[in-house]
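Quick note, the sequences are listed as chains A and B, same order.
For the first sequence, full-length UniProt numbering assigns the number 1 to the initial residue and increments by one for each residue that follows.
For the second sequence, full-length UniProt numbering assigns the number 1 to the initial residue and increments by one for each residue that follows.
Keep in mind that a hint or two might mislead.
The list treats identical chains as one, so a pair stands whether inside a single copy or across any two.
In the EDC-like style, the derived pairs of lysine to aspartate or glutamate whose C-alpha atoms are separated by at most 16 Å in a straight line are [stated by the list, open to error]:
1. Lys109 to Glu123
2. Lys20 to Glu122
3. Lys150 to Glu23
4. Lys150 to Glu168
5. Lys35 to Glu75
6. Lys109 to Glu122
7. Lys38 to Asp107
8. Lys137 to Asp67
Please keep in mind that the hints were generated in silico from the structure rather than gathered at the bench.
2 protein chains.
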Amino acid sequence: MEQKALDEIFMKEALIEAAKAEEIGEVPIGAVIVKGGKVIARAYNYREATQRATTHAELTAIERACDVVGSWRLEECTLYVTLEPCPMCAGAVVQSRIARVVYGAADPKAGCCGTLMNLVQEERFNHRAELSSGIMKEEAAGILTAFFRKLRKEKKRLKQEAEHDATESNISGNRADDGKEA
Amino acid sequence: MEQKALDEIFMKEALIEAAKAEEIGEVPIGAVIVKGGKVIARAYNYREATQRATTHAELTAIERACDVVGSWRLEECTLYVTLEPCPMCAGAVVQSRIARVVYGAADPKAGCCGTLMNLVQEERFNHRAELSSGIMKEEAAGILTAFFRKLRKEKKRLKQEAEHDATESNISGNRADDGKEA
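Chain A on its own, in the form it takes in the complex (with noise of 0.2 Å):
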């Protein structure tokens, strides 16, 4: 099979990461770490639930993988994560070695593997990954924008309703001072 189909295969099972933490409310990220053509780690981000400013779906899969490898090199690894990594997950593929960085939609706010900087392939750094980018960029960046426009949606209705409380709580406060001066 050729590179470009395989790339797709497993981008699809980052993506059904990133669907799982849609479902949970997350930012839909998702991640999986391929070695010898097995999927050997996935996860998905859940910094909201976990409220730890670590857990994105990549680093969460690459401590993953450094425990079914059980070692911290996972020279044999591609990441293929559904959006760009940023500073600290693109300094984690240096620090883990991981071979091949495959990514779907560029990140113009974060992205550190070519968009803002290319910290994966900095000569000066001990490690240098592969880089492949924009496989399923769409469906990566799609899932992303419909999250965000739902988000926006939900707090345009909350921002509404609370106006409206806001309303009838005058309204009935002013019944209540007229009653007073009756």
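Based on these hints, arrange chain B on the given structure of chain A.
Just chain B, lined up with the frame of chain A:
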């Protein structure tokens, strides 16, 4: 108390953590996180023991501080670490919105808080931290130098022992051959 004196007090705490790493044969790097003048989290590097690429002193300290604060936002916290953070840990500072980073020795190989680059003050990220460096750098660098010197010495001793064993085994091997020919 002036800032430098305070910084030295907390850097000594980070050095205590580094010493704990050394005791168990880990590269001696230690970190503490301070909030409201108190140490709320402490950690040391224990990558060899865990075989997880992510168990650097800073990353573990950040996770523990998140657990203590109950939030992934560490906006009122200062990270003290004996060695300049790597890209992963500098990225974790950005992700957790730590207000200030204080480190001891600079890291010419992977330092990402001013040496190779400065990720904690990168204008394009959504968070920047205050930065102080060189606090008790002699002590922080000294413990590392001593550790690696001891490691090299130990490796040399083991190599010499192995060579000695090989010579011994060759001698007895020859004797055995002699025996066969006799």
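Need the list of violated hint numbers for this structure, in ascending order. 2, 4, 7 and 8
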